[in-house]
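> As a plain string of letters, each chain reads:
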Amino acid sequence: MEIPYTVEERPDTGLNNSKLGIWLFLASEIMLFGGLFSAYVFLRMGAPDGAFHEWGQELNIPLATVNTLVLITSSVTMVMSWASLKMNEFSKYKLYMGVTLLCAVGFLVIKYFEYTAKFDHHIYPSTNTFMAIYFTLTGLHGLHIIGGMIVMFYFWFPGSKMWQTEPEHFANRIEVLGLYWHFVDLVWIFLFPILYLL
Amino acid sequence: MSGQDHSDIQSHIRTYMLVFGALAILTVVTVGASYLEVTSGESIFIALIVASVKGSLVASYFMHLISERTMIINILLLTIAFFFVLMFLPLMTTTDASQILQ
Chain A
1 MEIPYTVEER PDTGLNNSKL GIWLFLASEI MLFGGLFSAY VFLRMGAPDG
51 AFHEWGQELN IPLATVNTLV LITSSVTMVM SWASLKMNEF SKYKLYMGVT
101 LLCAVGFLVI KYFEYTAKFD HHIYPSTNTF MAIYFTLTGL HGLHIIGGMI
151 VMFYFWFPGS KMWQTEPEHF ANRIEVLGLY WHFVDLVWIF LFPILYLL
Chain B
199 MSGQDHSDIQ SHIRTYMLVF GALAILTVVT VGASYLEVTS GESIFIALIV
249 ASVKGSLVAS YFMHLISERT MIINILLLTI AFFFVLMFLP LMTTTDASQI
299 LQ
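Those protein sequences? They're chains A and B, same order as listed. Each residue of the first sequence is one higher than the last, beginning at 1 in the working numbering. Each residue of the second sequence is one higher than the last, beginning at 199 in the working numbering.
No lab work stands behind these hints: they were computed from the structure. Cβ atoms here follow ideal geometry from the backbone N, Cα and C, with glycine treated the same way. Among the hints, a few may not be true.
Far from chain B, some chain A residues (derived; all Cβ distances over 10 Å) [to be verified]:
id, residue
1, Asn17
2, Ala117
3, His141
A short, non-exhaustive set of chain A residues, derived as facing chain B with CB atoms under 7 Å [as the list claims (entries may be wrong)]:
id, residue
4, Thr13
5, Val41
6, Met45
7, Thr65
8, Ala83
9, Gly159
10, Trp163
11, Ile189
12, Leu197
Kindly generate the complete structure, drawing on both the sequences and the hints.
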């Protein structure tokens, strides 16, 4: 059975089902991260004055800044991969999606160096409440990056066959993937200052 | 976003590049502002304002919310209302604690 309204818009919502679905999913994601941001505020308020700032000094700001720029770049290349499909330039789509995937790998590699540097200094989630929320938030964010990479890889390589048969449907899929990826970028935009800079 | 022609997409691409530049500059501004000698409250305020501007740019242009259907905007407004409830929960706990101490 074919899923209805994957390309054309539903008359009642004015949207195709994929787009409505991803936005509802992202709404649930806002609440998921919202709960953890709330926990961050709660732990920060419960910690001794200045303790969160002091504990945060252990983090590597230059590496996190580079990671922020990497993720912003990946957001641009992701939206460019969708725009390329809209202009019927499939080879450019492949290029931009490949670069997005590389940026995601780069982000995780930098994160790996950050994590291992902490572990080498015997800093773990159990060290203090700041490190507990730092590892929880960045770990969950990292899982979202991995999830996005799996879908990106699928649409970059095996799933891209769909372009030959249903180009508009395929472009919609990339738009939906892009919305997810921009959300992951959006979460990092807030994680970066609250964890590394404040 | 649907049904755009090539010239529409070309104009979008120019916007994406401008937003990319703005995001990169604002990232440097965020890091630079963290070295300012201001109070903790002021630095939190500055960091959140800059992050909110960056977030708005991503949501408006990369996620196309600026030209999105009303239904999606309404879903997000409802979500954001609940998000702020979550953010204010810790504040409510401190109010409770101060009342108990009195």
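> The structure should be examined with respect to each hint, and the outcome stated for every one.
Do the hints match the structure? See the list:
1. Asn17: Given that every Cβ of chain B is farther than 10 Å from that of asparagine 17(A), nearest at about 12 Å, it holds.
2. Ala117: It holds; alanine 117(A) is separated from chain B by about 19 Å at its closest Cβ, greater than 10 Å.
3. His141: holds (15 Å)
4. Thr13: holds (5 Å)
5. Val41: Where the cut-off is 7 Å and the nearest Cβ of chain B is about 4 Å from valine 41(A), the hint holds.
6. Met45: This interface hint holds because 6 Å falls under the 7 Å limit.
7. Thr65: holds (5 Å)
8. Ala83: Cβ of alanine 83(A) sits 5 Å from chain B, so the hint holds.
9. Gly159: violated (21 Å)
10. Trp163: violated (17 Å)
11. Ile189: Holds. Min distance 5 Å.
12. Leu197: Interface hint status for leucine 197(A): holds (4 Å vs cutoff 7 Å).
In terms of the numbered hints stated before, the structure departs from hints 9, 10, listed from lowest to highest.
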